[in-house]
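Asker: Single-letter residue listing:
Number of protein chains: 2
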Amino acid sequence: MQRNPCFKQYSHDYLFVEIGKRVQAFEQTHPDANLISLGVGDTTEPLPSSIVDEIVKKARELGTREGYRGYPSSVGDRELREKIAECIYCNTISPDEIFISDGAKCDIGRFQWLFGKKTTMTVQDPSYPVYTATHFLSGKKKVYTLSCCPKNNFFPKIENFPRTDLIYLCSPNNPTGTVLTHDQLERIVTIAKRTKAFILFDAAYAAYIRDPALPQTIYEISGAKEVAIEVGSFSKLAGFSGVRLGWTVIPKTVCFDEGTWVGKDWTTIVTTFFNGVSHLSKAGGLAALTDEGRRATRAICDSYLANAALLRKTMEAIGYKCYGGVNAPYLWVDLNGGSSWEIFDNFLRRAHLITTPGVGFGKGGEGYLRLSAFGEKERILEASCRLQSVCSLRNS
Amino acid sequence: MQRNPCFKQYSHDYLFVEIGKRVQAFEQTHPDANLISLGVGDTTEPLPSSIVDEIVKKARELGTREGYRGYPSSVGDRELREKIAECIYCNTISPDEIFISDGAKCDIGRFQWLFGKKTTMTVQDPSYPVYTATHFLSGKKKVYTLSCCPKNNFFPKIENFPRTDLIYLCSPNNPTGTVLTHDQLERIVTIAKRTKAFILFDAAYAAYIRDPALPQTIYEISGAKEVAIEVGSFSKLAGFSGVRLGWTVIPKTVCFDEGTWVGKDWTTIVTTFFNGVSHLSKAGGLAALTDEGRRATRAICDSYLANAALLRKTMEAIGYKCYGGVNAPYLWVDLNGGSSWEIFDNFLRRAHLITTPGVGFGKGGEGYLRLSAFGEKERILEASCRLQSVCSLRNS
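Chains A and B are the protein sequences, given in the same order.
Quick note, the first sequence lines up with residues 31 to 426 if you use my numbering.
Quick note, the second sequence lines up with residues 31 to 426 if you use my numbering.
It should be emphasised that the hints constitute simulated quantities derived from the structure, not laboratory data.
All the given hints hold, so there is nothing to weed out.
It does not matter which identical chain is meant; a pair holds if it fits inside one copy or across any two.
Keeping only pairs whose Cα atoms sit at most 20 Å apart, straight-line, the calculated SDA-like set for lysine to any residue is:
id : residue 1 : residue 2
1  : 351       : 371
2  : 147       : 36
3  : 51        : 107
4  : 226       : 33
5  : 38        : 147
6  : 148       : 39
7  : 294       : 36
8  : 407       : 93
9  : 147       : 35
10 : 351       : 180
11 : 87        : 97
12 : 226       : 150
13 : 171       : 36
Only a predicted model underlies this, so the values are computations on that prediction, with no experimental measurement involved.
Whole structure, please, built from the sequences with the hints as guidance.
Answerer: Rendered as structure tokens:
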């Protein structure tokens, strides 16, 4: 049996696997180190009690004859689709256009089934590695990168780039923490419409936008419903990274050239390659979208944003220029010409801090570090102190 | 944007979607009908309380600072991998060779990423439609079918068939309810080894085997560890179809021609296209594999087997020849030359029973009906009465 050549060629380790290896090696030689992670973007605050109560209730129900349920719907139960339509999209999207999933990453993976091997893509550089990894591992080849850096205000003149079938966008951005404006998104939608391209819009961090002038979903842009597929997630919205729940929106007007609604093929994909989400996760998701759940989860997002503000203040005080971290849980630190992995190792060794090397998100990330603001307040405070003392050592 | 030609060509609706449509149409014209489903193989008995308690405990933990956990491991947490190695494989398989998933169907889907487009497969006919659907939808083409019918005792002379890269096997079989013997599996393993093919062994119904002479896993066969990947599931083992939990075994000795362990590429797949299972499902799975959990879930499987025995007795009493239903929750009914969909419609109209037309599992299923023994005892008794009265009408 021959190995799939896509895997042979794709030697690049998944970023967080490589970080894990380095951290593990450090821990072996420093077993007493009290490491603080500003690395992988993973939530740390407990689930709000109103959400826990609904999961508990559902678990108890599954233990009764009346409340037991078998297979969930592969596209998602109506109740949750309606609740997402109402709470996230103010009913501007129909529940029929929303598909429930076990997470944005999994849907981004399944997305690859939709298109043939010759499909080309444009991706922001730096970007979440899964966009290109899933593209290459599924045998597709052509990728164009939009270099996003401070010089172009993290948004290059997309009009100058070659046409591709797909345009991946992430806003608030992982890793840079920057947010695309109405004006910027309008320009991309116009291009997608003109060139008959599709946009995959990753809105996993939308819940962190506090500036009312910034779009929280691409569907705020006129015409986006004809070209954009949006992926959403409860992971960062409600701390569900370990509960597993997300969704994908495919408006009825997003169609292939020959007229078929993309959602028709997506339905085939989720009924064939997937089997729906756990009733337990669904119950949690419904609870997260009640008034009480929304208040509680918003307060948690606010606490992460306060962490981001503190980290930004700290890094700026010790002389680093920073981006993001205002309407996003990520901070993008300019290393003044330093190498990403070198400074990563440096912070690990000298401050016992785990960060994420920018270069792990693409060539354009070299010379940057991503700091994640997910973490307990006390730990972030401690991280801030360590950063200051490491820096004062450096400056002395 | 062009539509993926695989989807254009693949017009075949997923079987249970088509059944759903027919049932819905019937319900619209017969709103008062009390339908009983012997159709989709979906569990109906409540979760045992010891499992519910552990899920509840985990939910409560996720609501505390100490107990909160974010992303699960994409390959599965060690604890559950160890428990499966111990309980299902008597530690003949290492935990490192076990990968936790959100269900067997999802892993069968992800399986397609492992192999290039030219990969050929052999599949039993009839068989679970997802094997060929995922093959075709991922752009692969060549499929050879092993016609399995009463004439060849549901196992043709596989030695006479052309070589393919993959051999899909399901035992206890869905839909026929028959179980492959040691001798039969040995012959297949020998061929796979000789032709350097891989076997995908679907053991989702292994918990229903009561005859100690029948193999519950393909790894009981000598040499299988060099060629076989096994998929397992908590859905039918512990009623987790709505909780979502399964696993895949890739022994360290299952390698591509050039020597790479298949589990290496599988790790890349699950870390890129997947993000691990819910902590809630994992907690349930661990509880299902304790002594108490195993006693409780075995009792539930026994109740489904009692249903199968009753249905088999009923169908035989009214003159149908039946297969399976002894070490499996499915019964395969020979319709004496009748057409699958015709008899499906007939049972729906005349007895208000939902069944599954055999032809939905492949050409070889025409002339058969699959009866699922999942259901509450009282409902199965009622189904049995209806079958008898419909038949007495027919015979009168």
